[in-house]
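J.: Protein chains in written order, with our numbering: chain X, 7 to 391; chain E, 7 to 391.
It is possible that part of the hints are untrue.
The list cannot tell twin chains apart, which means a pair is met if one copy fits it or any two copies do.
With a straight-line Cα cutoff of 20 Å, these simulated EDC-like cross-link-like pairs (lysine to aspartate or glutamate) come out [claimed, not checked]: (1) 315 with 96; (2) 143 with 153; (3) 297 with 91; (4) 315 with 210.
The hints are simulated quantities; they were obtained by calculation from the structure and are not laboratory data.
Chain by chain, the residues:
Protein chains: 2
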Amino acid sequence: MPDRGFPPAEFRSRITRLQAAMVQAGETALLLTSQADIFYTTGFLTRFWESPARPWFVIIPTQGAPIAVIPAIGADLMSKTWLTDIRTWDAPFPGDDGLSLLCETLADIVPDTGTIGLPMGLETHLRMPLADYHQLKENLAPRRFVDATNTVQRTREIKSEAEVAKIRAACGVADRTFARIHEFAAEGRTHAEVFRDFQRTLLEEGADWVSYTAGGAGPGGYGDVISPATDQRLMAGDILMLDTGAVLDGYFCDFDRNFAITHAEDAAKRAYDQLYSATDHVLATLRPGHKASDVHAMFVDSLTKQGAKVGGGRLGHGLGITLTEWPSFTPHDHTELRAGIVLTLEPGVEIAPGLYQVHEENIVLREDGPELLSSRAAAQLPILR
Amino acid sequence: MPDRGFPPAEFRSRITRLQAAMVQAGETALLLTSQADIFYTTGFLTRFWESPARPWFVIIPTQGAPIAVIPAIGADLMSKTWLTDIRTWDAPFPGDDGLSLLCETLADIVPDTGTIGLPMGLETHLRMPLADYHQLKENLAPRRFVDATNTVQRTREIKSEAEVAKIRAACGVADRTFARIHEFAAEGRTHAEVFRDFQRTLLEEGADWVSYTAGGAGPGGYGDVISPATDQRLMAGDILMLDTGAVLDGYFCDFDRNFAITHAEDAAKRAYDQLYSATDHVLATLRPGHKASDVHAMFVDSLTKQGAKVGGGRLGHGLGITLTEWPSFTPHDHTELRAGIVLTLEPGVEIAPGLYQVHEENIVLREDGPELLSSRAAAQLPILR
Numbered sequence: 007m008p009d010r011g012f013p014p015a016e017f018r019s020r021i022t023r024l025q026a027a028m029v030q031a032g033e034t035a036l037l038l039t040s041q042a043d044i045f046y047t048t049g050f051l052t053r054f055w056e057s058p059a060r061p062w063f064v065i066i067p068t069q070g071a072p073i074a075v076i077p078a079i080g081a082d083l084m085s086k087t088w089l090t091d092i093r094t095w096d097a098p099f100p101g102d103d104g105l106s107l108l109c110e111t112l113a114d115i116v117p118d119t120g121t122i123g124l125p126m127g128l129e130t131h132l133r134m135p136l137a138d139y140h141q142l143k144e145n146l147a148p149r150r151f152v153d154a155t156n157t158v159q160r161t162r163e164i165k166s167e168a169e170v171a172k173i174r175a176a177c178g179v180a181d182r183t184f185a186r187i188h189e190f191a192a193e194g195r196t197h198a199e200v201f202r203d204f205q206r207t208l209l210e211e212g213a214d215w216v217s218y219t220a221g222g223a224g225p226g227g228y229g230d231v232i233s234p235a236t237d238q239r240l241m242a243g244d245i246l247m248l249d250t251g252a253v254l255d256g257y258f259c260d261f262d263r264n265f266a267i268t269h270a271e272d273a274a275k276r277a278y279d280q281l282y283s284a285t286d287h288v289l290a291t292l293r294p295g296h297k298a299s300d301v302h303a304m305f306v307d308s309l310t311k312q313g314a315k316v317g318g319g320r321l322g323h324g325l326g327i328t329l330t331e332w333p334s335f336t337p338h339d340h341t342e343l344r345a346g347i348v349l350t351l352e353p354g355v356e357i358a359p360g361l362y363q364v365h366e367e368n369i370v371l372r373e374d375g376p377e378l379l380s381s382r383a384a385a386q387l388p389i390l391r
Numbered sequence: 007m008p009d010r011g012f013p014p015a016e017f018r019s020r021i022t023r024l025q026a027a028m029v030q031a032g033e034t035a036l037l038l039t040s041q042a043d044i045f046y047t048t049g050f051l052t053r054f055w056e057s058p059a060r061p062w063f064v065i066i067p068t069q070g071a072p073i074a075v076i077p078a079i080g081a082d083l084m085s086k087t088w089l090t091d092i093r094t095w096d097a098p099f100p101g102d103d104g105l106s107l108l109c110e111t112l113a114d115i116v117p118d119t120g121t122i123g124l125p126m127g128l129e130t131h132l133r134m135p136l137a138d139y140h141q142l143k144e145n146l147a148p149r150r151f152v153d154a155t156n157t158v159q160r161t162r163e164i165k166s167e168a169e170v171a172k173i174r175a176a177c178g179v180a181d182r183t184f185a186r187i188h189e190f191a192a193e194g195r196t197h198a199e200v201f202r203d204f205q206r207t208l209l210e211e212g213a214d215w216v217s218y219t220a221g222g223a224g225p226g227g228y229g230d231v232i233s234p235a236t237d238q239r240l241m242a243g244d245i246l247m248l249d250t251g252a253v254l255d256g257y258f259c260d261f262d263r264n265f266a267i268t269h270a271e272d273a274a275k276r277a278y279d280q281l282y283s284a285t286d287h288v289l290a291t292l293r294p295g296h297k298a299s300d301v302h303a304m305f306v307d308s309l310t311k312q313g314a315k316v317g318g319g320r321l322g323h324g325l326g327i328t329l330t331e332w333p334s335f336t337p338h339d340h341t342e343l344r345a346g347i348v349l350t351l352e353p354g355v356e357i358a359p360g361l362y363q364v365h366e367e368n369i370v371l372r373e374d375g376p377e378l379l380s381s382r383a384a385a386q387l388p389i390l391r
């Protein structure tokens with residue numbers, strides 16, 4: 007288990023990299039509003055984001071440390087981060103929920119001819135009321151708001167060794183939990199009981215909290231991987247899949263495991279083997295310089311050669327301080343994969359119409375190829391007797 | 007434990023009320039993008055929102071059922087709701103992540119002279135990439151996008167009896183968990199151990215998942231209520247506060263409880279009594295027709311008369327399908343409280359500079375006043391020996 011938090015040097019290095027990207031893109035300041043971007047730049051970690059009541063702002067100038075413009079309720083916790091310039095208002099405040107304070111702060115930093123970068127692209131959201139954003143734009147004119155998705159994503163996607171250690175530790179939590187599957191999954195137990203005990207065991211194994219669990223179970227496979235659990239019972243011949251994003255010190259793991267209940271049909275075993283081989287193929291082949299779309303092609307190639315029908319949507323994605331990060335392993339995403347990126351490899355096959363099996367591992371991409379962060383799944387479909 | 011989900015009649019009634027509000031406001035269609043608004047109108051319940059990768063859209067026309075425009079990965083689950091018009095695309099798709107499908111759908115429903123309502127106000131966010139929203143506006147011109155915060159919030163805030171039953175059941179989970187506090191909180195245990203076991207016990211008592219836990223502990227009170235737990239140990243004389251948003255079938259509870267470790271100083275007991283009395287005062291006084299700001303005044307009045315210093319920010323808020331809903335009990339929020347609204351009463355006092363105690367109950371407002379959904383806290387500060 008790595009030490010909690012990061013030393014200030016880690017944040018300084020992140021900000022230096024962000025600022026270099028800002029200068030390159032011609033952005034005079036960045037305005038960050040999301041939980042992930044604010045955690046990344048400040049270390050501010052709280053589950054309070056679950057409340058949609060208040061907006062939070064962090065501004066990155068081209069030089070110097072970030073400035074926090076936040077609700078007063080967060081001042082104490084923010085003062086424990088490396089930030090020193092923390093400006094607060096009593097939120098929620100109808101009519102001016104931090105807007106004038108934010109405006110003032112940005113107007114001081116950004117000259118009339120400057121631009122304010124805001125992530126506006128794929129996988130981003132603006133976490134403030136839209137009407138306030140419209141007002142902000144008007145108040146700050148002629149300053150322009152520009153799309154800073156690249157600035158943020160190209161910086162965040164390359165993980166430091168300290169970040170990799172956190173994700174590895176989060177993967178360890180799930181590894182140890184899956185190793186205890188016999189304690190909570192068996193013929194006759196309801197899906198809801200299994201999902202609940204899966205979460206309990208993740209907590210016992212060290213998760214700070216469990217932001218995501220999903221799964222599926224059915225005869226020979228499953229049709230859906232995003233539904234909550236029902237009171238249906240596990241039956242002999244079912245394939246059970248459990249997937250988790252357990253959180254440790256703000257970092258996620260995201261991988262799944264499959265289990266057969268009492269026995270497995272040949273089709274389910276074959277699907278497992280095909281997915282296992284396809285993952286081995288990517289583990290052996292993937293190198294920095296490949297594109298996200300290349301990984302999709304590697305999976306399709308391996309699965310097709312094995313006679314499998316590729317199933318599901320994207321076949322993996324980025325991972326870190328949100329459950330999923332860009333890029334996506336689809337034919338359409340040509341993001342270059344560089345050393346230091348953390349990824350999930352997540353191939354799926356369609357065994358019969360509407361019947362799927364998916365398989366997932368977490369890796370960090372090194373100069374010489376992938377390094378596993380999850381412990382490799384069992385080479386054969388495990389059977390729970 | 008109420009049955010899972012809702013019958014279609016519940017959703018039809020919600021949509022009828024929304025559509026009446028839309029007509030009143032002159033909105034030709036509503037575009038909903040948030041987890042809460044989409045769950046409210048469709049029943050689509052999944053933890054998959056944890057992934058920021060894909061946008062999801064639901065459109066409410068002025069007549070007829072909602073239309074879902076969603077990533078293909080959600081088609082199976084959405085088809086189990088009452089919706090029949092479900093349009094999908096293979097997300098994430100860089101360059102056109104559902105945008106043309108959404109455009110087409112809206113263009114069919116909304117004439118050139120029409121308006122599209124979107125929540126843009128306090129406590130709302132647009133959960134789609136901002137650049138896509140800009141493009142959408144341009145493509146759909148001369149149709150206008152207008153702020154539909156009132157349409158959505160005035161409808162959602164009045165809970166049906168079926169919704170109240172779900173929130174009551176979620177409160178029951180936390181009630182039973184707090185009743186087991188002796189099992190996991192005691193002198194010498196670390197805050198992290200207590201927080202972890204609190205979550206485990208919530209799951210054991212029936213929570214589907216635990217979206218929020220927070221708390222604080224320190225000699226005579228605590229300074230902050232949004233921080234994650236540390237490895238600090240509970241000590242004799244500490245006041246421990248635990249707060250939770252446990253989720254049952256998509257509905258939240260949100261209340262806290264205070265406990266003294268081995269013994270309590272008079273100042274902590276006095277604060278507890280003051281908060282308890284102030285809550286009794288509001289429980290006895292609050293009626294439909296009061297404003298949110300009136301509740302703030304009731305708390306301030308009662309606490310001040312008792313010689314207490316009011317602490318913290320807002321003194322309560324709405325509750326339901328997110329951890330916190332509008333309105334806020336501050337001097338600035340003049341939302342009228344109508345029968346059927348579910349609220350948290352959450353007064354706080356500042357015992358000494360930076361040292362707080364907070365107290366929280368969940369209620370539904372009836373014609374004749376508040377009905378408790380949480381079991382009323384103990385009348386005296388409980389002491390864990």
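J.: Kindly indicate which numbered hints from before are broken by the structure, ordering the numbers from low to high.
T.: 3, 4
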